[in-house]
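Asks: Listed below, chain by chain, are the residues.
2 protein chains.
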Amino acid sequence: MANRLIRFLPILSWLKDYRGDTFVSDALAAVIVTLMLVPQALAYALLAGLPPEVGLYASMIPLVAYAMFGTSATLAVGPVAVASLMTASALGGIADSGTPEYVGAALVLATLSGLVLFAMGLLRLGFLANFLSHPVISGFITASGILIAGSQLGHILGIQGGGHNLLEMIHRLWNQLGELNPVTLQIGVGALLFLYICRKFLKRALIAAGLPERLADLSTKAAPVTAVIVTTALAWYFNLGAAGVNLVGEVPSGLPDISLPSMDPDIWATLAPAAILISLVGFVESVSVAQTLAAKRRQRIEPDSELIALGLANMASGVSGGSPVSGGFSRSVVNFEAGAQTPIAGILTAVGIAVATLTLTGLLAFLPKATLAATIIIAVSTLIDLPAIGRTLAYSKADGAAMLATIILPLVHGVEAGITVGVALSIGLHLYRTSRPHSAIVGRIPGTEHFRNVLRHKVETDENTVIVRVDESLYFANARYLEDTVMALVSDHPKMKNLVLACQATNDIDASALESLEAINRRLDDAGIRLHLAEVKGPVMDRLRRTPFCEELTGQIFLSTYDAWKALAKKPTTLCTPD
Amino acid sequence: MANRLIRFLPILSWLKDYRGDTFVSDALAAVIVTLMLVPQALAYALLAGLPPEVGLYASMIPLVAYAMFGTSATLAVGPVAVASLMTASALGGIADSGTPEYVGAALVLATLSGLVLFAMGLLRLGFLANFLSHPVISGFITASGILIAGSQLGHILGIQGGGHNLLEMIHRLWNQLGELNPVTLQIGVGALLFLYICRKFLKRALIAAGLPERLADLSTKAAPVTAVIVTTALAWYFNLGAAGVNLVGEVPSGLPDISLPSMDPDIWATLAPAAILISLVGFVESVSVAQTLAAKRRQRIEPDSELIALGLANMASGVSGGSPVSGGFSRSVVNFEAGAQTPIAGILTAVGIAVATLTLTGLLAFLPKATLAATIIIAVSTLIDLPAIGRTLAYSKADGAAMLATIILPLVHGVEAGITVGVALSIGLHLYRTSRPHSAIVGRIPGTEHFRNVLRHKVETDENTVIVRVDESLYFANARYLEDTVMALVSDHPKMKNLVLACQATNDIDASALESLEAINRRLDDAGIRLHLAEVKGPVMDRLRRTPFCEELTGQIFLSTYDAWKALAKKPTTLCTPD
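Sequence order for the protein chains is A and B. Mapping of the first sequence onto this note's numbering: residues -5 to 573, in sequence order. Mapping of the second sequence onto this note's numbering: residues -5 to 573, in sequence order.
Keep in mind that a hint or two might mislead.
Pairs count within a copy or across copies, as identical chains cannot be separated in the list.
Result set (DSBU-like, lysine-lysine): computed pairs, CA atoms no more than 35 Å apart in a straight line [as the list claims (entries may be wrong)]:
1) K560 with K531
2) K560 with K391
3) K197 with K290
4) K531 with K391
5) K10 with K290
6) K391 with K565
7) K290 with K489
8) K491 with K290
9) K290 with K452
10) K10 with K491
11) K391 with K10
12) K452 with K531
13) K10 with K565
14) K290 with K194
15) K197 with K491
16) K290 with K560
Hints listed in this document are in silico derivations from the structure and should not be mistaken for laboratory results. None of the values given here were measured: they were computed from a predicted structure.
Given the sequences, and given the hints that come with them, work out the whole structure.
Replies: See the structure below:
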């Protein structure tokens, strides 16, 4: 019982040993993550088309929920770039950005994602995330990065921008170029340059100046906060709002209200597909980050518990005014490197965000949106991995094709189509690969009990008895191929009286393959040929014995191929030479 | 060149050897199949909601097209029950049954199915039919049989009936029960009883009376023609039309016009999903029938050529006033048993149908629809295979679940949803099965070079070096499971310094699995553990060598597990005993 409770509430396993020095580590990490998270929360709300406070709300109670149920000590949960893009894409069809209906739909989306994740955790359906193959995820994230950067260019230029795919974005930017705001452009480009230089050179400069590497790294990560402070101060001092610079504007001070999201079944049904995709992508990314960090300390991540924890975090976000959340990569790395020891760091981060929300909102009103856009662009630039296309194509054309589809479709059509087609392609190409398994007619290596491919080795064969080895489990995708292969053999070997299937590589025979074997058995019988099996694996044999197939089989089931050869081969005289 | 032409036009390979006695055999078979096909063509047109002549038109030119391009000598093509049900379901959403728009949409559906099949043949996409696993096909055909029988009850009772699923059908029948026509009921039940008795007892009775078995069988198959002739005569003599019996009515005499179908892109787009499903189901059934019959004479069926032949047959149907066609099971068996030797039998059958259309349409006007309904019900009763559910569930729960879904969904919801969900379930359950491959920590059997599962054998292990064997190809569905498994091992073996993956059962490593191996390698490195591979198969090794993985690998690649053991195991002292 206690064990099951700990499994469900991992917090119980570490809270009893919690000590003062651990608290100090956690608190320090929390301060640094809070500094990093405030501008990110505002930026990703902007990206999702939501008011800035939604980003802050999504960085409070969800963090507490994850801390209680998650198995990673260092995963930092909150709004992330890709989920924000997917949120904007999903909500775009429902209401105009920024309206109360739009915000209400974001709450529904968060709750729904939470329910999907939670249900997957309870039902142990985490394997569904496997449908997202690495090339598909990687391609999708590259495409998202490009789309996100494109969507922020309008803010940098001080024009409206918009559009659901890259072509639309470019088209609108081009049309509106005449309306660009020079002051906004200066701030945007200035922030971009500053952040770029910090990322490229600051760390090395600080190390050269004598700072320890970890401190230099963390200072570099604080660059966005500096940009926010400086541009906010400029906007306030020079009253840039009056000069046409878009500012974040008034952010309501205070903590979020707790309330149930809309229960309109139409909205729920409309958002369900997007919620499933956001959940799966978020889960895959979170577990990957969590496992990478856990490995460094030989800690363990339980994917099923992660589903439950991320599910509860999203539900918490949905009832406390937030948007979908998941584990953020750079944020978690900072949390880890700043020394977070336990999920208490996450709870303290939530407290930090709450304090910021209560005290800083007056100042944030002067924050230029161009600054947030610059932080987003710099952050997502690391997501874009175009060389991966070449690498993947070189390794496997099928995987490369799936990746290309998942990159190109979102750019020209939209986010959800891309990932759906990518998943379908991955699965289809996998089934294709296994649908034509390697098979070989084998013969006996003279004087031995070994049987090898007649095309590659000098072996004895027998015109009465043909032995075929199939190098794959037999299941629906290759069952009919087996029928085709065997029936082609029959017409190619007019003197054949016995066909032996050597099954040493067959780990499974599903119901489709069983029916194919039954059909093959009947058809061979009609053609005057007996069907035999050899080297059937134990578990496969156990299942076959429960069916009438073993009785219907016209031939025998031999333990080894050699047994079959001894019993069946009448004139093993032919000696094949490989071509 | 000649070979390629024969491959595309199989008729060239046998026409040059065609002799007079073969023609006599083919002509005899054609007469018998024509007798069987006339009532079937009318009945399946009724089932599809189309005028009777559409069924006749679908049994002329398409047969000629198949005869020229098909590889089966005996497959009898034409309208079939399941495709007619799917046609009715697809067209129901477009126009009212029997209207010119409805007939026009049927032409589009046939053309579109033909294009789908033809394209699949050209692109060698026949493997797509593998997505329809045996349990799904079998379940779908059982559900179709039930739906078809249900849809014909109204004709037997002389009421309107209708409905898209079993619940609707029962509901409507119940409400309209008061309007039933007693004369129609007498004809319908009479025909049903006659056909049932013929099927059950006639063959045996004829054999007992001294007829040869084959002749008895063929006479039994002629029962529907007898029912048609007798009830038509009754309806004409007693003027049953005036008594409220629904008759087939005037059938236009003459051959079909050749004309292109509607090119309205909306209709094409709406019908595309149904066309794909009809094509796939028709193809799977046709090839299965063709292979069963071909095996009896050791002939060969080329699935890709069948796609092209069936595609051209359907396109021919679409431009000559017909509906979707495929190979019919009972009709092909009759063709085979009546002695058809070459596809000329099919061409002669088409001539027979043309003659019937030119001469018999005046008489067919008096044919009661109840008779056709009775022939349909008796014909589809053989499609319904409920015991298969139990058999499949007993063999494999996953396959059984997919089958149940494919049976229940069409009954309560509609035809297309059922097959789509069935396919998704088959694929999902297959990926689930392979997503958690069997893996084992292995140790050395003392004094040998053999390594076996530590849980099953007394073996030597080493606390520094853990050897894991994975019994499956590594691909996206199990890549993350591998990560989970390895990282769990790391936290369970605090003293581990080397991890060896023994890959003798790994036939493939796709791009996802490669990235997982790279991640595992990095994470183990972070944890101070070196990753080694052993027994990597040749083709897998060839691909790995083209990637940076081999250089990044912290450990070595050993030829055999024993090589790894010799190099790495420092204190192989522990002797495990199985639990």
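Asks: Confirm or reject each hint.
Replies: Results for each hint:
| no. | hint | verdict |
| --- | --- | --- |
| 1 | K560 with K531 | both (20 Å within a copy, 30 Å between copies) |
| 2 | K560 with K391 | neither (44 Å within a copy, 38 Å between copies) |
| 3 | K197 with K290 | within (22 Å within a copy, 78 Å between copies) |
| 4 | K531 with K391 | both (33 Å within a copy, 20 Å between copies) |
| 5 | K10 with K290 | within (24 Å within a copy, 75 Å between copies) |
| 6 | K391 with K565 | neither (46 Å within a copy, 45 Å between copies) |
| 7 | K290 with K489 | between (64 Å within a copy, 15 Å between copies) |
| 8 | K491 with K290 | between (62 Å within a copy, 14 Å between copies) |
| 9 | K290 with K452 | between (53 Å within a copy, 33 Å between copies) |
| 10 | K10 with K491 | between (74 Å within a copy, 31 Å between copies) |
| 11 | K391 with K10 | neither (52 Å within a copy, 44 Å between copies) |
| 12 | K452 with K531 | both (27 Å within a copy, 22 Å between copies) |
| 13 | K10 with K565 | neither (78 Å within a copy, 37 Å between copies) |
| 14 | K290 with K194 | within (25 Å within a copy, 74 Å between copies) |
| 15 | K197 with K491 | between (77 Å within a copy, 33 Å between copies) |
| 16 | K290 with K560 | between (57 Å within a copy, 28 Å between copies) |
Checked against the numbered hints above, the structure breaks hints 2, 6, 11 and 13 and satisfies the rest.
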